[in-house]
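Per our numbering, the sequence shown starts with residue 18, numbered consecutively.
Wrong hints could be hidden among the right ones.
To be verified - Heads up, simulated PhoX-like pairs for lysine-lysine below, C-alpha to C-alpha not over 25 Å straight-line:
1) LYS157 / LYS208
2) LYS168 / LYS208
3) LYS168 / LYS78
4) LYS157 / LYS168
5) LYS208 / LYS126
6) LYS78 / LYS126
Unchecked claim - Have a look at the derived ranges for each label pair, beta carbon to beta carbon:
7) SER59 / GLN134: 19 to 27 Å
8) ASN55 / LYS168: 34 to 42 Å
9) ALA218 / GLU153: 46 to 54 Å
10) ALA148 / PRO229: 39 to 47 Å
11) GLY52 / GLU152: 42 to 50 Å
12) GLU137 / ALA213: 17 to 25 Å
13) GLN140 / ASN55: 25 to 33 Å
14) GLY128 / GLY151: 21 to 29 Å
15) THR71 / ALA213: 45 to 53 Å
16) ASP210 / PRO98: 15 to 23 Å
17) GLN138 / VAL61: 37 to 45 Å
18) ALA54 / GLU152: 27 to 35 Å
19) GLN91 / GLU153: 18 to 26 Å
Derived by calculation from the structure, the hints in this document are not laboratory data. All values reported here derive from a predicted model rather than from experimental measurement. Idealized CB from N, CA, C, for every residue including glycine.
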Amino acid sequence: MRRINGSALIIAALVVTVGALAFPVWSYADRSGTGQANLNASTVATQWGPLSATDRDFLVKVRLAGLWELPAGQQAIERAPSQAIKDAGDHLVVGHTDLDQRARDVAAKLGVELPNQPSEQQQGWLRELSAASGEEYERKFANLLRNAHGKVFALVAQVRHTTRNTLIRQLASDANQTVLDHITMLEATGKVDFDAIANEAAGNATASPSGPPAPNGNLPPAPSPAVPTGTDQSFTSRPSTQPGPPTAVNTHRP
């Protein structure tokens with residue numbers, strides 16, 4: 018009887034051990050609802066590599082950006098009082114004309130359906146711009162478009178980092194150059210409210226920032242910016258030979 022009880026205990030212990038070893042294998046084999054499972058479920062195979070839901074969302078957002086930023090840029094060329102805003106509008110038109118065509122070509126190859134009109138929010142931005150004039154128009158133009166470009170910049174980086182599709186990866190590389198060029202031009206207007214952008218981003222943050230402690234307050238005062246004299250950037254018409262700021266790169270492709 019003791020031998021039987023001892024054998025039963027040994028067998029029970031072995032069963033428990035095997036079960037404990039097998040449980041992690043079973044639990045990771047079918048983990049519906051996890052990020053990996055969601056990625057697999059939303060991904061389709063193509064000859065250029067897997068196409069994820071994030072890839073498809075990126076294509077749609079590139080198309081939507083062009084649908085409202087192209088008319089916004091054209092409007093700035095025609096209506097803006099200052100040359101800096103006109104130059105920014107010109108870069109929007111050139112950059113998104115090229116990028117929109119590339120996005121439509123990629124979408125056609127991958128079988129992704131794209132929208133043909135801006136979103137309700139984007140249409141609202143266009144109405145805001147159309148209703149404004151003068152200094153108010155320039156301020157709205159610079160900040161609406163700078164904020165929109167900053168948000169899509171993060172998506173471009175995510176897609177460029179994670180996509181497994183060669184067509185999407187190349188489009189993300191092109192979009193990265195275009196969006197950065199437009200951000201540079203919009204900031205060169207001097208109308209961007211960086212405090213508002215930082216405060217909005219902080220309000221949407223879900224995690225506390227980390228990093229070194231703040232300075233102890235003994236920093237030297239910032240120098241006053243030099244103000245050029247004798248220059249007037251107001252123009253009633255857009256000279257065809259006026260170059261943009263030297264720090265930006267026009268994304269026009271011949």
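Against the structure, test the hints numbered earlier, and report the numbers of the ones violated in rising order.
5, 8, 9, 14, 15, 17 and 18
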